[in-house]
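Trainee: Listed in order, the protein sequences are those of chains A and B.
To convert, note that position 19 of the first sequence is 19 in the numbering used here; the numbers rise steadily by one, no gaps.
Take the position in the second sequence, starting the count at 1, then add 1000; the result is the number in the numbering used here.
Wrong hints could be hidden among the right ones.
Here are the computed lysine-lysine pairs in the DSSO-like style, where the Cα-Cα straight-line distance is at most 30 Å [to be verified]:
id, chain 1, residue 1, chain 2, residue 2
1, B, 1065, B, 1126
2, B, 1106, A, 40
3, B, 1054, B, 1077
4, A, 58, B, 1049
5, A, 65, B, 1126
None of these hints come from the bench; they were simulated from the model.
There are 2 protein chains.
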Amino acid sequence: MLTFKNNKMINYGNRGMNLEYDVNLTNQYYMEKEIALIYKKPVPIKVLKVNDTKTRIKDGFYEQKSTLDYNGVYKGKYIEFDAKETNSKTSFPIANIHEHQINHIKNVLKYQGIVFLLVRFNKLNKTYLLSGKDLINFLNAYQRKSIPIDYFIKNCQTIELKYSPRLDYLKIIDIL
Amino acid sequence: MLTFKNNKMINYGNRGMNLEYDVNLTNQYYMEKEIALIYKKPVPIKVLKVNDTKTRIKDGFYEQKSTLDYNGVYKGKYIEFDAKETNSKTSFPIANIHEHQINHIKNVLKYQGIVFLLVRFNKLNKTYLLSGKDLINFLNAYQRKSIPIDYFIKNCQTIELKYSPRLDYLKIIDIL
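So that you can see chain A by itself, here it is in the shape it has in the complex:
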């Protein structure tokens, strides 16, 4: 059985395999093999109340994410991405990406960072790497609420699920 240093993983164990699980496993592999250093960002929490010694948080809430979930360094370059899943078999709903996140993707592109989404179609067992550029081009070109699967098939690389590394997305980055 695979174990993790990052205790956040444990929460996902019960739910079975999912995209976030696969990504974390892959990042751990990249770190161990000294390929890249990629972290899941902590969830921003607005703290409203602490205890008297200020060691414990007694009230707070999750803040809305305005950036993507993962970032890090690969061959000196800045890399940032998010992992998104859909149960649709025909298209990926754009509502899955917050508007803040779309603006953030544009921003990272402006600074020549590597930015993308990993999009998994759960019921098709397919994971695609949708580059930030392709996403923005699609949004600019079409007034649609979702990206059809055909767009992924034509424009995006598939990432095969393997034993180790689980989801080798950097291989695709090397190609792009």
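Starting from the known structure of chain A, arrange chain B on it as the hints suggest.
Mentor: Quick look at chain B alone, frame taken from chain A:
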């Protein structure tokens, strides 16, 4: 009066100017002028208890940071750094840097990221950029508990405090 979008700044207003305040102001300037995209990482919080609707955190604690406080993208490159202050006039205590952080700095260097500390000697009104490489070299060369001010004077670039950008550390990165 200068205002901020990032509400974390407000907490520091009362305490008067400090290094973190200056860094946040500088990062905001870099963002507005489209020079770089650099964020303060959220503080990792271990959530122990949430309310019934899972919208509020009712118990939790701050986790120890194993990385540096700021990271982002500059000209496509990964950049990560921390801001450290000391009231000593003669040296910077190495105990100010957690061992986890030292390991992390070595790691970022391994992946060719730009990594450094901004070190402010409060009582000397001096802020130096100590590159990760210089820090690791010092630690390897000397068995000392602090880095003498002379080391900074001889090896590091000073960053002058200005109106805007407040603390132009990327100018030093361009030189290095």
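Trainee: Hint by hint, say whether it matches the structure.
Mentor: Now the hints, each set against the structure:
no.: 1; hint: 1065(B) - 1126(B); in the structure: holds, 26 Å
no.: 2; hint: 1106(B) - 40(A); in the structure: holds, 19 Å
no.: 3; hint: 1054(B) - 1077(B); in the structure: violated, 38 Å
no.: 4; hint: 58(A) - 1049(B); in the structure: holds, 9 Å
no.: 5; hint: 65(A) - 1126(B); in the structure: violated, 36 Å
Checked against the numbered hints listed earlier, the structure breaks hints 3, 5; every other hint is satisfied.
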